[in-house]
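Q: Listed below, chain by chain, are the residues.
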Amino acid sequence: MTGILVGLIIAVSLIVLVQLLRVNELISQVKNEDPNLVNDDDNKSQGLLVFLIAGVLFLGSVLWQFKYWGIHILPPASSVHGATIDTLMQVTCGLILFVFFITQPILAWFTYKYRGNSKRKAHYFVHNNKLELAWTIIPALVLTPLIIYGLNVWNNITNVDTSNSQVIELYAKQFGWAARYSGNDNLLGSTDFRLVKGMNELGVNMEDENAFDDFITREVHLVVNKPVLLKMRSQDVIHSAFLPHFRVQMNCVPGMSTQFGFTPTQTTAQMKEQEGENFDFTLLCNKICGAAHYNMKMTFIVETEEEYNKWISSQNTLKNTLTLK
Amino acid sequence: MSEHHKETFITKYIFSLDHKMIAKQFLITGMFMGVVGMTLSLLFRLQLSNPGESFAVLEFFLGEKWAPGGVLDPNMYLALVTMHGTILVFWVLTAGLTGTFANFLIPLQIGARDMASGFMNMLSYWFFFAATVVLLSSLYVETGPASAGWTIYPPLSALPEAVPGSGLGQDLWLIAMTLFVVSSLLGGLNYIVTILNLRTKGMTMMRLPLTIWALLIVAILGVLSFPVLLSCALLLIFDRSFGTSFYLSDIIIGGEALHNTGGSPILFEHLFWFLGHPEVYIILLPALGIVSEVMSVNCRKPIFGYKAMVGALLVIALLSFVVWGHHMFLTGMDPFLGSVFTFTTLLIAIPSAVKVFNYLATLWRGNIRFTPAMLFAIGFVSTFITGGLTGLILGDSALDINVHDTYFVTGHFHIVMGVSAIYGMMAGVYHWFPKMYGRMMNKKLGYFHFWVTFISAYGVFFPMHFLGLAGLPRRYYTNSSFPMFDELTNINEVITFFAIIGGLVQLLFIFNFVYSIFKGTVANENPWKSNTLEWTTPVERIHGNWPGELPTVERWAYDYSKPEFDEDFVLQTVPLKENEINH
Amino acid sequence: MELLVKNKTFKQLLWIGIGSIVMFFAGLTSAYIVRKAEGNWLEFDMPIWFTFSTITVIISSLSLWLALKNIKQNKSASEFLIATLFLGFIFTFSQIQGWKDLVSQGVYLTGEGSNPSGSFIYVITLAHLFHLIGGIFALFITTIKSKLNIYSKDNYLGMELISIYWHFIGLLWLYLFLFFSYS
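Residue numbers (the numbering used here), protein chains in the order written: chain A, 1 to 325; chain B, 326 to 908; chain C, 909 to 1091.
With the rest of the complex left out, here is chain A:
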């Protein structure tokens, strides 16, 4: 029934539209001009519209969005390297917005100012080498320090000293996360995917001594200001460990191990004060991985050393949980 009604509405609209166009044509036939050629009046109105819409309205809406939706962006980074990323982002955005708010108004203004009329002619201006050089060299000169700056930040992030970092493994699978702590020896036991069975969800090789003090959790606790090295693995397809508040992201690829080192600088408690009681540092999956890609989460809790030690003491090592006693 709804289908027939919709069909009828479409059909009637089409007929009305066609008739309107027909009428329009007949009127123009009387006036002896092609209604589809552009005249000076069109240029005046469209030129004005470009200025008003692509200029004023668009740029105004951009400012509005910054004001009312800009508040939703992530809070400042809660990690050492994250702060350097935030600064780089601010500098880059500053540059981008500078260029944006110069070129867009020029576009809108030129389009309005030079709207056509049949009484004048355009200016025959073919090329100007000085101008070309200027707007090739200036972008190059502006981009060079930006590139160097960016490469510097990247280099520091990827070559961070991890010799004192606490090693924690993040294990991704359809559709959830597990974390494996490396224990007191700070060494993760080796793994083999063929060992995944029953309680041994992560395929840890229990013949490797390093695995004895490992333990698995569904929630990650970190000590504030202590460096940590996350090592990622995947059980099935490509996932991606995304910790937006720490500015951490790294793909989890089956068949290989990836890693990302960082140091958290704020406790969960501090963030709750800042952002509200409902805040938590969260791990999300950020690479399409199947039906429940949208629902892979794990909480990260950053706390003081005492709180961390209390939590640790309640964890059970793999030696106890996986091997027969």
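If you are wondering where the hints come from, they were derived from the structure by calculation, not from laboratory data. Note that this is a predicted model, so its numbers are computed, not measured. Incorrect hints may have been included.
Cut-off 27 Å, straight-line C-alpha distance, at most; resulting in silico cross-link-like pairs (DSS-like, lysine-lysine) [unchecked claim]:
| hint | chain 1 | residue 1 | chain 2 | residue 2 |
| --- | --- | --- | --- | --- |
| 1 | C | Lys-914 | B | Lys-526 |
| 2 | C | Lys-983 | C | Lys-919 |
| 3 | A | Lys-119 | B | Lys-769 |
| 4 | A | Lys-121 | B | Lys-854 |
| 5 | B | Lys-337 | C | Lys-983 |
| 6 | A | Lys-113 | B | Lys-769 |
| 7 | A | Lys-31 | B | Lys-844 |
| 8 | B | Lys-854 | B | Lys-632 |
| 9 | B | Lys-854 | A | Lys-31 |
Starting from the known structure of chain A, fit chains B and C onto it as the hints suggest.
A: Chains B and C alone, transformed into the frame defined by chain A:
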């Protein structure tokens, strides 16, 4: 001499060897697929802005299996997103854009009777048609169409147990893409050889309209990069169907450990993006070429800096081969490699900036005529600036860490491809419609179409940058799983609202297009008073383009408002006056 | 289209197409190199049949060259074309024997005991054979046309085109053979 051969309905409309007819075949198929792709996006946008809510229209389109009770199934969500991307990137913006305008414009603008091989050209379209049929059929298979994203990373795309669409749906996708690549290669070969060999007397390379330069460079990009996609796909086919381990290793799926060891999904990514990145320039460059043409004609001024524009196209094309790693910053690849790709990616900003400044300089002191095509060209410049600038953030590896695979990326690539390149395509359709069909498209409907589209497009894609900076990942079925995203709901609603409006107004464009083919006001030979050769062909359109001798070219394509002439345009065939400065 | 222009354009079309095929195999051989560098790579000898294939394909290029030489002197090319076709079939047979040889050596495409180094050889040589068989089809049509006396010293574009393609496929095999043997 034009070729006289007896034309039947079949040889004229179906298995045509006439490049103009083949162009229209590409255009119509591209437009049809555009409607399909756009509809898919509206379906999943409904779910995104109103998660878990029931929509009768979802059940109407997708049936009870994939939208039980009107609520979208999560697997089908991924399928819709995948097919939307595939259809729009390849079917609409590659075949629909290049297939239409390369076929239509190349012989006409260089002064040739037809392409070097009309037969290969005809094959190019029919391979494309076959690819279309196969891809559309994949929408109806029981386990659903391909669902691993248009980028089909394995293992997700290799294992039906990981997502149902990776079964038959993915097989059909791979077959369709193979046919598609063959079609593209057949076309590209023709475009290159025709431009290099069949230019008419006097048409030197530096007298070519910029559109032809862009199409030539795009064709070269295509013949060099599409084959690598084929090699990438071949290895995937073997992993999927013959148990090899090119991309697969150490996998447990559906509770079973697979036998594969030694494979690397990252190898797939390298091969895929080696095509994938040039692909987006294959999409962008024709639009750049069309906009150069449309702007110049409608500003009644030469395009500013013709040589620099050609140079910029060449540099962009060359650089496009060495930036692919910026899609892979976070795959665990060597950080030094990441630095190299950041460097090359940010370099591309320079020729792109040159082009934008040259467009602005073309507008300066012009005498602008606002045809609907010109409005779309101006819209192109606006969105190319916006989208290009956010590329500076994404190309910087350190900044990419927090925006990779978020809506920031989605906003960026939609603004440059889904808006800029589409605007280029629209500008082309409105501009060359009189030459394609001998009639004018309705101007008022054109204006309405442009303004509603312009406002809607920015309304959909600009807010996405904020979603991305808030940490919202892409390809999420719903954002309601994480409390941190609850405050973003109203932004998502605004986006869906504009998406629906923007989508619906395209129907008006299609109506205008179809209506004008039959009932549009009759055009004369050169309604835009343009210089280029296609406007010297008769309105009746014949196979062989010119009824008598081929035209001879005496000047470049951009003598608009030249002081030595009273008229504000000079056809390329007009000989130089005595003492006239030649460009 | 004038015959001279037609000759030039069709040859260019073929050369660019060959460029595309080169890129296809470049993708595959790059993947091979990248994967090999990661270790866990089974080493084995090339089957002797592949050496035989190499010799066969070189001879087939020779016979095709002789066919072209003949038609330029307005002599019959059909015998040499048929010889080339025959050698093409021998090449195909030899490749299949080569694969059988690999299997008996314990080098498999897939399954238990397979290794990417084996998988790559199978896939790449199969892809090459596929392109050669395409050449056989074209050569078959050329041979028929030759038998029907369609070619002459003023009109042998079809023969030139299949020659260019055939020599390319032969050279491609030579490159792949040396690549697998010595990389």
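Q: Evaluate each hint against the coordinates.
A: How the hints compare with the structure:
For a cut-off of 27 Å, the pair hint linking Lys-914/C to Lys-526/B stands: about 17 Å separates their Cα positions. With a CA separation close to 23 Å, the supplied pair Lys-983/C and Lys-919/C stays within the 27 Å bound. Pair hint Lys-119/A plus Lys-769/B holds up; C-alpha atoms about 24 Å apart against a cutoff of 27 Å. Using a Cα cut-off of 27 Å, the hinted pair Lys-121/A and Lys-854/B holds, with the two alpha carbons roughly 14 Å apart.
Annotation: proposed proximity of Lys-337/B to Lys-983/C is violated, straight-line Cα distance about 41 Å (limit 27 Å). A distance of roughly 22 Å separates the Cα atoms of Lys-113/A and Lys-769/B; the hinted pair therefore holds under the 27 Å criterion. Between Lys-31/A and Lys-844/B the alpha-carbon distance is near 18 Å, which keeps this suggested pair within the 27 Å criterion. For the given pair, Lys-854/B sits about 23 Å from Lys-632/B by alpha-carbon distance, which is consistent with the 27 Å threshold.
With a C-alpha separation of about 22 Å, the suggested pairing of Lys-854/B with Lys-31/A holds against the 27 Å cut-off.
Going down the numbered hints, you'll see the structure goes against just number 5.
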